[in-house]
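*Asks:* Given the coordinates of chain S, work out where chain W should sit on it, guided by the hints.
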Amino acid sequence: MIQTDEILTTIRMLHSEHLDVRAVTLALNLNDCASPTVDQMVKKVRHKIMRFAGRLVDTCDEIGGKYGIPVTNKRIAISPASILLSGHNTRGALELAHALDQAARDCRVDFVGGFSALVQKGISAGDQVVLDSLPEVLSQTRKVCSSINAASRKAGINVDALHQLGHIIRDVAEADSANRGFAAAKLVVFANIPEDNPFMAGAYMGIGEPEAVVNIGVSGPGVVDSALRRRIALAQETGKKLTLADLAEEIKLSSFRVTRVGELIGREVADILNIAFGIVDLSLAPTPTIGDSIGEIINTLGISRIGAPGSTAAIAMLNDAVKKGGLFASSSVGGLSGAFIPVSEDAALADAVRQKHLCIEKLEAMTSVCSVGLDMILIPGETPPATIAAMMADEMAIGVINNKTTATRLIPVPGAKAGDWVDFGGLFGKSPVMEVRNVDASEDFVHFGGRIPAPLQSLGN
Amino acid sequence: MSTQKTEDSTERFGYVFNLLSDDRPGIVAGVSSAINSIGGNIEACSQTVLNRYFTIIMTVTLDYPWDCKELGEKILTEGRLKGCQISVRPAVIYPGGRVENRPDTFVITAFGRDRNGIVSAFSRYLAEKDVNIIDLYGNRTGKEEFLLISQVEVDARHDIQNLQLDLEGIGNELGFTVKLQHNNIFVATNRLRLER
Numbered sequence: 000m001i002q003t004d005e006i007l008t009t010i011r012m013l014h015s016e017h018l019d020v021r022a023v024t025l026a027l028n029l030n031d032c033a034s035p036t037v038d039q040m041v042k043k044v045r046h047k048i049m050r051f052a053g054r055l056v057d058t059c060d061e062i063g064g065k066y067g068i069p070v071t072n073k074r075i076a077i078s079p080a081s082i083l084l085s086g087h088n089t090r091g092a093l094e095l096a097h098a099l100d101q102a103a104r105d106c107r108v109d110f111v112g113g114f115s116a117l118v119q120k121g122i123s124a125g126d127q128v129v130l131d132s133l134p135e136v137l138s139q140t141r142k143v144c145s146s147i148n149a150a151s152r153k154a155g156i157n158v159d160a161l162h163q164l165g166h167i168i169r170d171v172a173e174a175d176s177a178n179r180g181f182a183a184a185k186l187v188v189f190a191n192i193p194e195d196n197p198f199m200a201g202a203y204m205g206i207g208e209p210e211a212v213v214n215i216g217v218s219g220p221g222v223v224d225s226a227l228r229r230r231i232a233l234a235q236e237t238g239k240k241l242t243l244a245d246l247a248e249e250i251k252l253s254s255f256r257v258t259r260v261g262e263l264i265g266r267e268v269a270d271i272l273n274i275a276f277g278i279v280d281l282s283l284a285p286t287p288t289i290g291d292s293i294g295e296i297i298n299t300l301g302i303s304r305i306g307a308p309g310s311t312a313a314i315a316m317l318n319d320a321v322k323k324g325g326l327f328a329s330s331s332v333g334g335l336s337g338a339f340i341p342v343s344e345d346a347a348l349a350d351a352v353r354q355k356h357l358c359i360e361k362l363e364a365m366t367s368v369c370s371v372g373l374d375m376i377l378i379p380g381e382t383p384p385a386t387i388a389a390m391m392a393d394e395m396a397i398g399v400i401n402n403k404t405t406a407t408r409l410i411p412v413p414g415a416k417a418g419d420w421v422d423f424g425g426l427f428g429k430s431p432v433m434e435v436r437n438v439d440a441s442e443d444f445v446h447f448g449g450r451i452p453a454p455l456q457s458l459g460n
Numbered sequence: 000m001s002t003q004k005t006e007d008s009t010e011r012f013g014y015v016f017n018l019l020s021d022d023r024p025g026i027v028a029g030v031s032s033a034i035n036s037i038g039g040n041i042e043a044c045s046q047t048v049l050n051r052y053f054t055i056i057m058t059v060t061l062d063y064p065w066d067c068k069e070l071g072e073k074i075l076t077e078g079r080l081k082g083c084q085i086s087v088r089p090a091v092i093y094p095g096g097r098v099e100n101r102p103d104t105f106v107i108t109a110f111g112r113d114r115n116g117i118v119s120a121f122s123r124y125l126a127e128k129d130v131n132i133i134d135l136y137g138n139r140t141g142k143e144e145f146l147l148i149s150q151v152e153v154d155a156r157h158d159i160q161n162l163q164l165d166l167e168g169i170g171n172e173l174g175f176t177v178k179l180q181h182n183n184i185f186v187a188t189n190r191l192r193l194e195r
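Going down the list, the sequences are from chains S and W.
In this text, residue positions in the first sequence follow numbering that gives the first Met the number 0: the first is 0, and each later residue adds one.
In this text, residue positions in the second sequence follow numbering that gives the first Met the number 0: the first is 0, and each later residue adds one.
No lab work stands behind these hints: they were computed from the structure.
There could be a bad hint or two in this list.
Said to hold, decoys possible - Here are the simulated lysine-lysine pairs, BS3-like style, with alpha carbons at most 25 Å apart:
no., chain 1, residue 1, chain 2, residue 2
1, S, K65, W, K128
2, S, K322, S, K403
3, S, K322, S, K251
4, S, K416, S, K429
5, S, K153, S, K403
6, S, K65, W, K178
With the rest of the complex left out, here is chain S (with noise of 0.2 Å):
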């Protein structure tokens, strides 16, 4: 029988912590959805998503119930849209969106994500496609996401996509410039994109996958700032000294907890489903809500100024110890299994922002020990497509150098300049538009163009 104090810790977790489980993401192999005419592979692919992600919501909101924790987004994957698209034109990969947006409603999922390429090494003509109907896709669908995988540690980097990319992401934006840009945070560039991530906007089903499977994406920042502050509280009044190390293996126990939650609750929600699990990843993924930060965890930590000195040592523990947490706590860990830091859905980033205590470059170096990268930034409108295009290419850099998953969610908000404010809404929060340094100097190293080759570390045989 289960002790009371065991009953206690849960419960405090639950209640006064606000754990839920933030994604339960059903990936979905559509390959067997390709024909040769437009509206038989749309017809396929609204039937296939339909008999296997029509009841996702009510066994989410069923399975929550049961266990008194919320499931707070529902979402859809998809196997790459450029296999689809392979032989169709852009007029093609509209449609094939909209009846992606349109099941995607049917379903109730928050989104569904997946239309996407894999152009690390070359750009095929179903890519081409993807890419070139990106701009209209995100801007007049409004469940849609987008990921572009445009380098990996094998292939190196493909400075060609990120050219194309540092164009189609100034379009996207420029599209959807009634919403300041928005569409541009459905869009989401990779290095070491993996097979099985839940987050949006980036999830999308590998191509090493089952036909279909159920990720999770654990609960968010809160339940591990809470159990700090918790400990740093009792530290004080019992005027015990604690060392960063302690404040490790606290973070590590949160983690160990809220793991076991998602796995529970998504070999469930697999099991009533009859799909295969698939994977329970760590990342911690804060939303605009206060008590929900990142940032706030690196306030915790004793840096009083996001961005100040000590942020990359503060933000590499918790990571760490996150992943140590988890992995003791379920055997099948994987997605992108990081602390996330998207600026605008961080409130306390956000204002770190606003202060200029952070900037690109700090956040930048953030990244290269955590996870995923320039994640909703913000950024002039009139940015040069180059500047973009190498700014990606330094986040690819890390991630390639450094066997990583990294990536870039950037946002050239349509006729705004550093220091505006620009509120999106809802999860994807506000925030102001970043400072971006040097423009106009790195063009000729984008024309160069081809790829930059795979770095030594990629021969390990």
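*Replies:* Just chain W now, kept in the frame of chain S:
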């Protein structure tokens, strides 16, 4: 003389008793020595201390039948358990514990400002619904706050959502926050080894 044989093939006689006392060292030693002295075997026991009061429930088997009152007095005397109260009755002893399929266990937690009738309100509702309480803990956590934790067996004929809504409704009337959650969430977050 009232006795009940155990389900075991050997001729043993089962009893259950409950002992209540002020808490102090030596009570368990006294009880167990007394049982030993009359050839008894402790089959299962559970003890707790609450607000400095001690209680233990035990099932024991004996070689021959006893009168319950005499057995109680014998244990108190042999165990030198002065000031303790004991209550004894015959029992069917299930060797190795019950093996039939048990319903799922859920945990009810209720937290709010203390007042009369909290345990009664929730337990009356559970009794009406034929929901069995298998563990109950209640305590003041602050000057005026009361915490109630109850582990209950809920079988498949119950709609969990309805039970949750009813319990939350009772909680609202009493000014209590109430949750009903499946036991597995507490196992998953606390125990190292999980059974699948």
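*Asks:* For every hint, state whether the structure bears it out.
*Replies:* Checked hints:
Under the criterion of a C-alpha separation no larger than 25 Å, the hint pairing K65(S) with K128(W) is consistent with the structure, at around 18 Å. Note on K322(S) and K403(S): the hinted pairing holds, with a Cα-Cα distance of about 14 Å set against a maximum of 25 Å. Of the pairs offered as hints, the one joining K322(S) and K251(S) holds, with about 8 Å between alpha carbons and a cut-off of 25 Å not exceeded. Pair hint K416(S) plus K429(S) holds up; C-alpha atoms about 15 Å apart against a cutoff of 25 Å.
For the suggested pair K153(S) and K403(S), the alpha carbons sit about 12 Å apart, so the restraint of at most 25 Å is met. As the CA atoms of K65(S) and K178(W) are separated by approximately 10 Å, the hinted pair is consistent with the 25 Å bound.
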